[in-house]
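Quick one: dock chain against chain with the hints and give me the complex.
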Amino acid sequence: DAKTTQPTSMDCAEGRAANLPCNHSTISGNEYVYWYRQIHSQGPQYIIHGLKNNETNEMASLIITEDRKSSTLILPHATLRDTAVYYCIVRENTNAGKSTFGDGTTLTVKP
Amino acid sequence: DTEVTQTPKHLVMGMTNKKSLKCEQHMGHRAMYWYKQKAKKPPELMFVYSYEKLSINESVPSRFSPECPNSSLLNLHLHALQPEDSALYLCASSQEGQTTVCFGPGTRLLVL
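Protein chains in written order, with our numbering: chain A, 15 to 125; chain B, 13 to 124.
Treat the hints with caution; some may be incorrect.
Each computed DSS-like pair below joins lysine-lysine, with the alpha-carbon atoms no more than 25 Å apart [what the hints assert, rightly or not]: (1) B:Lys65 to B:Lys34; (2) A:Lys83 to A:Lys124; (3) A:Lys17 to B:Lys53; (4) B:Lys21 to B:Lys52; (5) B:Lys53 to B:Lys21; (6) B:Lys52 to B:Lys65; (7) A:Lys124 to B:Lys65; (8) A:Lys17 to B:Lys52; (9) B:Lys21 to B:Lys50; (10) B:Lys31 to B:Lys65; (11) B:Lys53 to A:Lys124; (12) A:Lys17 to B:Lys21; (13) B:Lys34 to B:Lys50; (14) B:Lys50 to B:Lys31; (15) B:Lys30 to B:Lys50.
Note that these hints are calculated values from the structure, not bench results.
Only chain B is shown next, with the shape it has when bound in the complex (with noise of 0.2 Å):
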């Protein structure tokens, strides 16, 4: 398995609303990131976790919480999102000491 995956491809939710992203690699990769890319813009660094802990906060606003379960999978949980939160929400991995990373499809993400 080679790949990130991220579900749902798309969600739409309220201000109110409380959801989360999923992320999921199974390469044994022990780096995994979150970025966020608004339309036309390149992508911008939100979180870093090694080996499951927090080692890279980008100043993001505690609407966005983190979480890694285990070494495979990474969620991001919503809360009070605003309107300009819409984006496209990229998980990415990459193993110890290196190298590429590889990057998920995605999770559009849209804040009525």
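If we strip away everything but chain A, and leave its shape as in the complex, we get (with noise of 0.2 Å):
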């Protein structure tokens, strides 16, 4: 799996757009970007996933480069209950694929 990098922390006003970015110069073609995040002493909880169009769900949206080196995960508004720490993981997309977590970005948002 693609080894990705992230800032160690980012703070965010309350209602403001979380802007979150992850680069993974060394994605495959076969590659997707997975982001998930945890908040304390919880288990990591799914957020969203792309191969190489931007995607939206109702929690976030994900920004993939043209070249998809790297990538921005937005969070339209941001609440107090968003802060965590957030991962951007690249994998294959197989069965039992090996999720390699890096070390994340702790978003605190800010009232």
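Below you can see the structure in the form of structure tokens.
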């Protein structure tokens, strides 16, 4: 699995958009970009994933650059409950795939 | 049922004890995983089961012994653990050919 690089921490004001970047310059053609988050002492929670097109769901949007070497997770209206560690993972979409977590970004949403 | 459940939530054990962690899912997922997470670190993969057979062992010490009795259950048997094995143990599952991996809430283990 390709390696990912994320900033260690970010702050965001409540109600504003949170934009979390991820670099994955060694991504291969059949690898997807996944985002998970982990709220303190809970299990990781799936947010969104994509291959090359931008994706949106009820939680977030995922913007993947055309060369696929980086991506941005967007939480459009951050709330205090979005404070968590956000992990960007790159992996193939195969059964029993190994999800290798990087160090993630600690997002703190402030009132 | 769209969740992974784990029992117990917390476990304290001595270095000579034998204990087991249990994980259950009823989503029909055929891949199940054990991860270990130390404080302020990302989860690290330990084992992967695919169709009830062990497919990946990430060089985990033999004091951790996984077992998959059926497609819905995954156990992690613990014996002669060390204090440095204290961590959050996460179970997860996923569907064939994909996709999103669903994590349980974890068991927080303290080895004294």
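Check your understanding: In ascending order, which of the hints set out earlier in this document are inconsistent with the structure?
Key -> 2, 6, 7, 12
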